[in-house]
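A.B. asks: In case you want the letters, here they are:
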Amino acid sequence: MSASAATVLSASTDLRFRYAVHLGDTSLILAQRLGEWVGHAPALEEDLALANIALDLLGQARYLLSYAGEIEGKGRTEDDLAFLRDPSDFTNLALVEQPNVDFGHTIVRQFLIDAWQLELFECLQGSSEPRFAELAAKALKETRYHYRFSSGWMVRLGDGTEESHKRVQEGLDSLWKFTSEFFAPGAVDEEAAAAGLGPDPASLRAAWAANVEQVLTEATLKKPADVSYRWFGKRNQHSEHLSHLLAEMQFMQRTYPGVQW
Amino acid sequence: MSASAATVLSASTDLRFRYAVHLGDTSLILAQRLGEWVGHAPALEEDLALANIALDLLGQARYLLSYAGEIEGKGRTEDDLAFLRDPSDFTNLALVEQPNVDFGHTIVRQFLIDAWQLELFECLQGSSEPRFAELAAKALKETRYHYRFSSGWMVRLGDGTEESHKRVQEGLDSLWKFTSEFFAPGAVDEEAAAAGLGPDPASLRAAWAANVEQVLTEATLKKPADVSYRWFGKRNQHSEHLSHLLAEMQFMQRTYPGVQW
Amino acid sequence: VTLEQRFQSKVDDDERIEPKDWMPDAYRQTLIRQISQHAHSEIVGMLPEGNWITRAPSLRRKAVLIAKVQDEGGHGMYLYSAAETLGISRDELLEQLLAGTAKYSSIFNYPTPTWADVGAIGWLVDGAAIMNQIPICRCSYGPYARAMVRICKEESFHQRQGFEIMMTLARGTPEQHRMAQDALNRWWWPSIMMFGPNDATSKHTAQSMRWKIKRFSNDELRQKFIDITVPQAEFLGLKVPDPDLRWDEATQHYIHGPIDWKEFEEVLKGNGPCNRERLETRRRAHDDGRWVREAALAHAEKQRARETQAA
Amino acid sequence: VTLEQRFQSKVDDDERIEPKDWMPDAYRQTLIRQISQHAHSEIVGMLPEGNWITRAPSLRRKAVLIAKVQDEGGHGMYLYSAAETLGISRDELLEQLLAGTAKYSSIFNYPTPTWADVGAIGWLVDGAAIMNQIPICRCSYGPYARAMVRICKEESFHQRQGFEIMMTLARGTPEQHRMAQDALNRWWWPSIMMFGPNDATSKHTAQSMRWKIKRFSNDELRQKFIDITVPQAEFLGLKVPDPDLRWDEATQHYIHGPIDWKEFEEVLKGNGPCNRERLETRRRAHDDGRWVREAALAHAEKQRARETQAA
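Residue numbers (the numbering used here), protein chains in the order written: chain R, 6 to 266; chain B, 6 to 266; chain C, 252 to 562; chain P, 252 to 562.
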């Protein structure tokens, strides 16, 4: 984030809006997925922990989408942005919309994104936009806790039983391709970096990879080969899962438009 | 159906509307459930068969809901009735909204309802309302085919392997309680019977039970004990599954109201 | 004096019984039954409201709902811990729940077909629960009483949230008002029945009163709940679905119509609208989670072995 | 004359080769590969459109969509049967599909995020498929040619339905128009790539032409498709997402911009947006259905035993 004061000032309203929505969508959609677990987790402790992570992420999403609505200046609220946009308007990372499948897949998804958010929020604290910096400081503390939970389970499952190892390795193999999006150029986060709003996505890779590799080693898991996957949620390219998730999430607001709840 | 000409004439528009909606909802919701199977069945032949049954049921639903909208005279179409009513307005039998779970549950659900529709449509052919009689004649032929499929699978699964026997017995134990609704009084079908529109629900029980018992015997399955279950879809009392099913089914129409597709 | 007499006089003097104290076996068994039943209710009670987490109509409501359901899980944890002080493990208790031999509050066998049900549960079910639970904060058994203090605080918070949902709906659009009224229609009688059978037919009351596990009779608590709740319904502009309900000047109480105890018995026997679904859901979560719990154990075992080897 | 020469002269004379006829092994293998690939494409192709069955926006569209996906399953059946006449079983073919060793059309590795995708698949994907398949109705191998006649009839019906969905959207509300344009943007290039690599790099063409399994080159068919489809897009009021696209008076053809063959290769290699999901879905259906297939076999076995005993 080495943008000069001049570029900082030029970070347009539109860009700040889109960046806030991108980060907010990622937290929101992941919160929605984790919310599906509540009442159904493998044990009571995990149920509470997943609910907790969902709550933190939902808090981030509300902060970011409210801010986005505010700077957009068209009177859209956090709820308008969450419930009244079409799937193709969402710019969350595609990883977070992937289904829960089982606890193993859920933990892999969480671990990969936690490790990324650790780096993201660390850097975002230095954003030229105080609102992003403020969010990042709070979210970083939360993410450290999430990461402790998810990396702990990566190790327990990877280095647990034969079955748990197999399941979590499958989850890893299945979800790995979505991590290429974290660091890929050509989307709003790159623009945001150029304007000093946030970190250059590519710059997060080294620390993320080192972190992930260390945990995978401890978990006796095999790091999947990198593939050139290029369908990115942050470029509005989503899997089929997102529209199903949104159909459920948005149903009430779509059915009763303009109503207070 | 021994109503006199006088009662026949007095079968109010409102009653015909509600009866058509009740029967139409049952076919519609079951079609929706079967539609979930398409592309996911145990083998290609079953995939095609389930799609076929879904299509027949959907045809029945369209006929009945169109007719309901017509006699209601408020300009509501089959789509308005299918996509713009709330769960509590639906009067389908609760059995048909129960989730697919596995092929065994799906077959049990289908078999129980097929055996009921056989009797229903047989009698409904004599409805004082020609439109119901016409629907019944066509639907009866379809139902005979559905019943052949579902009863055939009941026997194959019940008298197949240990696992298939266990699964289908579980499905039967789980779904049996919903059959009490078929024959219970105090809902629109009883009113319809009094007005000569359709059969007395209780009158269908003996033939249904004989049929079911025979198939269960051949399938080496144990008939569950009757329980006094009294939450009935036809009295607008639904399980939690219906609102999820409708949220998915209705999403497009709810999101884009008043639009042609 | 016998142990039993000493025990009873402590109870009579409003002293707390603690885990290491001597206690009659029947007292212990009654407490295990009651606490575990309460714990199971919290766990099963996560499901009807949890059903709306993915569909909550605003982000704020979603957050509040997740937090509430999470609190219920937390209550389950405190209560299982309280039960464990009486010499039974959480695993044993869970097994009883999943085997269908332990009870939980019948109210959770009713479905939540609409969003208004989330409001109605908070307002009525949590309201009735508080009524039942506040006296237990002074229960003779220390760990149970202390758990209950914490739980009651959170419950009354939930109850207010539920009431607020109902108020928003009742004062909202006609559809919302209808949704709220429909939920009240469906939850009123089951809530009334949460206090258990009439005193005349309730079997545990007398002994539990003597032991100060229970401090008011079922009918007393039910009456208290109705007296508080009916004016709230009026305030909301909703109609309590009891045609016989009337205010009685003489007793200064509301008189309610006859309760359909047959429905109560049926739901208790397992024939409620969701009994089977609730247990199946819990069983599925338990079964699907087995490999995870096994992995955690296996990993802990490996860690221990490595540490031993290192030492 | 050798068997091979006699075979080739039959082909040259436009006589049909039938299952019991002698044929070169390479001809048989080429056909098995092509027919099974086609069959697999029908089966996997049920998934992207099937994704919208539960959410189709009207009952009529739902019925049409179910029927269409069902037709695709039916096409899969005919084609597996045609392949079976060449001495390979459906089970073997399915195994290859699930093992990931058999190919299917890459187009089905793209997702259907919106309803407009159902229209776009009918219009573009079925349109391209027909272009590929019509010549196969005159293929030298009888069972394949006959299956294709039946399939082509249904496909052109599907194509019209897809076009009609697109028309309704393109002429509908601004949101609907946007949905249609977005779908065209996403499906255009993958459809163009359905015809396979440029003739210069295509390896199977020459021999297949000689055997009359193939009658036009990839580029010929692609050109034909573009020439027909571009005016349709104009008629719909939609913009083809190719900035270089232009009508060439001299050749009386549309000239298209460069194709991103790197994307084609990536999707072929398994790195498309849904490759993994499609196979996992098929595998799950297969695995979840195992107990059912086993039960059917076991029951048939029991029946046979009973009949033998009775006889």
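Hints were generated in silico from the structure; no laboratory data involved. You may find that some hints are simply not true.
[Stated by the list, open to error] The calculated SDA-like cross-link candidates involving lysine to any residue, where the alpha carbons are at most 25 Å apart (straight line), are:
hint: 1; chain 1: R; residue 1: K79; chain 2: P; residue 2: K520
hint: 2; chain 1: P; residue 1: K513; chain 2: R; residue 2: A189
hint: 3; chain 1: P; residue 1: K520; chain 2: R; residue 2: L49
hint: 4; chain 1: R; residue 1: K228; chain 2: R; residue 2: E139
hint: 5; chain 1: P; residue 1: K404; chain 2: P; residue 2: V315
hint: 6; chain 1: C; residue 1: K513; chain 2: B; residue 2: E167
hint: 7; chain 1: C; residue 1: K463; chain 2: C; residue 2: A314
hint: 8; chain 1: R; residue 1: K146; chain 2: R; residue 2: K79
A.B. asks: So, for every hint listed, does it hold in this structure?
C.D. replies: Each hint tested on the structure:
Taken as a hint, the K79 of chain R and K520 of chain P pair is broken in the structure, with Cα atoms around 45 Å apart against an allowance of 25 Å. Between K513 of chain P and A189 of chain R the CA atoms are separated by roughly 17 Å; this keeps the pair inside 25 Å, and the hint holds. A C-alpha spacing of about 42 Å is found between K520 of chain P and L49 of chain R, which places the hinted pair above 25 Å, so the restraint is violated. The straight-line distance between the Cα atoms of K228 of chain R and E139 of chain R is roughly 34 Å, outside the 25 Å bound, and the hint therefore fails.
With a C-alpha separation of about 16 Å, the suggested pairing of K404 of chain P with V315 of chain P holds against the 25 Å cut-off. Distance hint between K513 of chain C and E167 of chain B is unfulfilled; the C-alpha atoms sit about 39 Å from each other, more than 25 Å. For the suggested pair K463 of chain C and A314 of chain C, the alpha carbons sit about 38 Å apart, so the restraint of at most 25 Å is broken. With a CA separation close to 32 Å, the supplied pair K146 of chain R and K79 of chain R exceeds the 25 Å bound.
Hint check: violations occur at hints 1, 3, 4, 6, 7 and 8; the rest are consistent with the structure.
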